[in-house]
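Visitor: Chains as they are written, first to last, in the UniProt record's numbering: chain A, 1 to 168; chain B, 1 to 710; chain C, 1 to 329.
Note that these hints are calculated values from the structure, not bench results. Possibly wrong hints are sitting among the right ones.
To be verified - Computed spacing ranges between beta-carbons, pair by pair:
#1 B:GLU63 / C:SER136: 45 to 51 Å
#2 A:MET1 / C:ALA17: 55 to 61 Å
#3 B:PRO545 / A:GLU13: 49 to 55 Å
#4 A:THR80 / B:GLU700: 19 to 25 Å
#5 B:THR29 / C:SER56: 42 to 48 Å
#6 B:ASP137 / C:SER136: 49 to 55 Å
#7 B:ASP423 / A:ASP81: 53 to 59 Å
#8 C:VAL20 / B:ASP137: 55 to 61 Å
Glycine included, C-beta positions come from ideal geometry on N, C-alpha and C.
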Amino acid sequence: MDLEIELRVDGTEHRLTVDTRTTLLDALREQLGNTSPKKGCDHGQCGACTLLLDGRRILGCLALAVAHQGADIVTAAGLTDGELHPLQRSFIAHDAFQCGYCTPGQIVSAAGMLQEAGNGWPSAVSKDPGATDVVLDDEEIAERMSGNLCRCAAYANIVPAIAEVAHR
Amino acid sequence: MSDVTARPRAIGVPMDRIDGVQKVTGTATYAYEWPLDQPVYLYPLQSTIAAGRVTGVDSALAEAEPGVLAVLSHLNAPTLTRPEDPELAVLQSDEVAWRGQFIGAVVAESLETARRAAGLVRVDYEGRAPDVELRADRGDLYSPVHAATFGSGGGELQDGSPADSVLGDVDTALAASPTMVDVTYSTPMYHNNPMEPHTAVVTWLDGELIVRCSTQGASMSQALISGVLGLEPGRVRVISPHVGGAFGSKVYPHSYAVLAAMAARMVRRPVKFSLTRQQMFALVGYRPASIQRIRLGAGRDGRLTALCHEVIEQTAKAKGYAEQVAVCSRLMYAAPHRRTTHRLAPLDVPVPTIMRAPGEAQGMYALESAIDEMAIACGLDPVEFRIRNEPEVHPESGLPFSSRHLTACLREGARRAGWDHRDPVPRSGREGRWLVGTGVAASTYPSPRFPGNAATIRLAPDGHYTVRIAAADLGTGTWTALTQIAADALSVPVGQVEMRIGDTALPAASVAGFSAGINSWGTAIWEAADRLRARLQAEHGGIAPPEGLEVTAELPGGNPEAERYAMHSFGAQFAEVRVDEDTGEVRVARLLGMFDVGRVINPKTARSQLIGGMTQGISMALYEHSVLDPRFGHVVNQDFAQYHIASAADVHAVEAHWVDESDPYTNPMGAKGLGEVGITGTAAAIANAVHHATGVRIRELPITLDKLVS
Amino acid sequence: MRPFRYERADEVPAAVATLVKEPEAAYLAGGTNLVDLMRLEVTTPEVLIDVRRLTSDRIEELPDGGLRIGAAVPNSDLAADPRVRRRYPVLSQALLSGASGQLRNLATTGGNLLQRTRCPYFQNVTTPCNKRIPGSGCSAVNGYQRDMAILGASPACVATHPSDMAVALAALDAVVTVAGPVAERRIPLAQLHRLPEDAPDRDTVLERGELITGVELPPPHAATRSRYRKVRDRASYAFALVSVAAALEVTDGTVRDARIALGGVAHKPWRAITAEAVLRGAPATRESFVDAAAAELAAARPLPGNAFKVPLARNTMVSTLLELLEQAR
């Protein structure tokens, strides 16, 4: 069954017809030609497809496109605003990736995570769960980024790359 | 060839990756992402028995699904040229050799339709009970017979080494040793799991096949695919500029590309095919499980008198892949009496393949754990014990090492890790509920150069150079490092060099594997640069001619010095672990590696490769294991929620350092391989630290909490 | 994935009516589990009724000092809510220890409760599973048992419930509010999920068409400390091998009240009522905690492949209670 939906992706409005079975991830990659979000497991277990959906980080592989009519979506390709996002510059400077396949998801996830921390959201390792100010030390960053797997295992560079932006 | 030191120095500079901007924005194009006109989608059918044959395929329901273009099976698949590798004989018979093997495919207008229709195909089988259990007491163990694909040794193991080696009289020496260790270790089946699934996008164009796939070697893929399809190699073009990780699994396994090519020929449309994560557990190889018995004898002086490493490893009945697990024991330590053996257990399992540091990954876990046990038995510090047993030359071949700075790595690593303050008594460290321990292990991997490389360099009239070679960048930093090598070889700034890789339209290159990439490709580029410089000087007075100048260097052979020197990278790794006394949870608080990898081309990307290998070593030591179900024959835990790889939260301080040494014989750059060495010995350093923390010696990987909770 | 019709209902009764009418319809909330199971064809609905806008996405104060959590409240919002963090830290901790930031942003309160087991045989349509196809057999009971149940399992099913949130809610005596074809009803959370017995295909006591509309938390006890401890193979982003949600109230060295629930050990969040009974009135000491854990786990019937969960659950219960005792001092 096909339905027509509208999506705003990286600032551009799109009207497209999707099979009800199509995920946001496949709609972006196969129909809109935006392959910045990656398909690493299609199973909600790796984070490579992380998108900002109405400002929040989510997994594109578990979201049906028809259920997100009118959504505002941002990918790593859309984080750039003429120039690279500070996270993107920091990832390059810290060599926080190797193969690059998980990288757009890592960066989008980090952007969403910084927003969450800015809103005072706690994590599983927060020392004082009631505290409204989040201090993003390495342990906090690693816990909050644990949903983005990196098989090249660049974590020892990813965490400092994010920390540098977080502490700015 | 001229020496690197005579040139300006791009080598040694921590340059940012050339493809960095593309990767952080997600605009680097991986195989599946190539824009195509009117593509169709393939979803495979996999056997649901582990052994037997397909007796019937009913595809009526699937074919009735709107949008389905074809259903392939052995009944209608094109006939392939009989491949050397049985894994590539896709859909050529009704036989099933492992569970999850390709038995067909559906091609449809959309991904959703293809996958749905695949589930509607009904397959009947005549099955046998699967035989998938690796045990040391199996009656059918055999000595490997298959010749190697890699390496010139002509031996039976995957790297060309002989299956067995004997020096002196091990049994007598062991019996006479004042101190003896006789221990058996086991390692499970591990899956490579690169983040980018194996993918092939196939287009037939005017009789030429264009395969965009995720491969570690475009040239090798071209040879494998063209061979199976019965095409001239020149009629198959493989394009693979960006590869989303591989770790060995994108060298041999190409059945998915063959299947996609067959489908594209049938439906006459471009076919897109990407394996799912779950399918990757059955179709693209894995590191085979092993059982390793190690016996060591030592004298009262703490020197080894005998070293015996006997390996039993899992292999597929379909293909007798044999990994060089005990080969590390042939070179690490001096001992007058020594023996290594490899035996295979043929099972109804998928074909194993290379996975990061094939052989050494498992072998060094066992050897370096046993060495720790022996050092303790001798009452010696494990760093001191290793240094005391350093060989002067290769203990079996007698060749000198081209360079070997293991002792320096052990000493400097120990200094940086604060090893001198260590109390050797197990369970002597504690912080709250955590038991704290430290451990050390050595690392090693060969540093070979592959034959079959060519590089072309073109000098444009404006002074810019284009370097062309079908090398691969798996995230290894090839693109960047080769640019630095070319710049130094040409004596120009890196900004004047453009590197083109990952396409069989470029001069042929060997695969990215075996830590041979930079050695093999870099040497070809160096040679081409030397020739170009010479011609530029001789024919054009050093000035770029208006028509430009192009030179190709072909290096059909490997490294001639390899006959006179043993060439290996080395390292020492120090682990600090914490074990929760209540639950047995293990955390690696710190991992420090000190490496001997020759001259480092790009310290930034090199460090990434080393810490990546070490972190995969943490993952190998603590989390990863593929569980075969003996009743069904499949890997039960076939996804990332059940096959755990390390996440960010599992990684704390991971540091890689190296000794500043250049190897005089490996290649003109003085580099040695560093892709694999980082993961070797890591699991042993962690296991040794767990023993130090808890007093419990785990001889079976992974070190999960169930083995420690009480 | 089987083709399906997507519908968005405007009112709860309409959604319930559709679900009752259509034999193969399902409610869709965050989709983090359902979409995955549909792709695997573990479940194959013909109609999806999107209920995210039907139920509340707010957390409201109740007159008695408790909280009412709308079924559509995302897991991340619930975990971050200052009232939840202050009054029910065990719930916030349980939520934060589950899944990942991305998943918690999509997943809802109602959906979290109704997520299905991650038993690998349940998720693999090529192996028998009584939960997926009643009567086909249980592959896990003689298969890979690491993640399986040690309490309350049956020969028909040894799967575990994967939710962390539900374990905390069980310890907190939460109540689930449900809309249905006949009437609304309230179900104590500890009674929402079933033990497998001979019908493992039924995870919960919900009847066809019933829709979770919210969860109510009773007011917290002022003197109660609560905490969630999750033990797993990886430090984060993994399901529990064993988890413990515990609330402890100690006065003058005596346990006044203890509420404990275990995760990763049973087909449902396992309320440890035996342990609680042992603790109530007992001295607040390690010995009492060990006795209580032992009493609870006397009923454990582990399989060879998960026998380690018995000492693991015992040790984790004891150490969690000791930490709470430490906090109370």
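Visitor: Check the following: the C-beta atoms of MET1 of chain A and ALA17 of chain C are separated by a distance inside 55 to 61 Å.
Guide: violated (21 Å)
Visitor: Quick check: does the Cβ-Cβ distance between THR29 of chain B and SER56 of chain C fall within 42 to 48 Å?
Guide: With a Cβ separation near 45 Å, THR29 of chain B and SER56 of chain C satisfy 42 to 48 Å, so the hint holds.
Visitor: Could you check the hint for me, namely that VAL20 of chain C and ASP137 of chain B are 55 to 61 Å apart, CB to CB?
Guide: Holds, since VAL20 of chain C and ASP137 of chain B (Cβ atoms, about 59 Å apart) stay within the stated range.
Visitor: Note whether the CB distance of ASP423 of chain B and ASP81 of chain A lies within 53 to 59 Å or breaks it.
Guide: For ASP81 of chain A against ASP423 of chain B, whose Cβ atoms are near 55 Å apart, the range 53 to 59 Å holds.
Visitor: Does the hinted range 49 to 55 Å hold for PRO545 of chain B and GLU13 of chain A at CB?
Guide: holds (53 Å)
Visitor: Given the hint of 19 to 25 Å, is the C-beta distance from THR80 of chain A to GLU700 of chain B inside that range or not?
Guide: violated (48 Å)
Visitor: Could you see if the CB distance from ASP137 of chain B to SER136 of chain C stays within 49 to 55 Å?
Guide: 34 Å Cβ-Cβ, so the 49 to 55 Å window is violated.
Visitor: Regarding GLU63 of chain B and SER136 of chain C, is the given constraint of 45 to 51 Å on their beta-carbon distance met?
Guide: violated (27 Å)
The earlier numbered hints that this structure contradicts are 1, 2, 4, 6.
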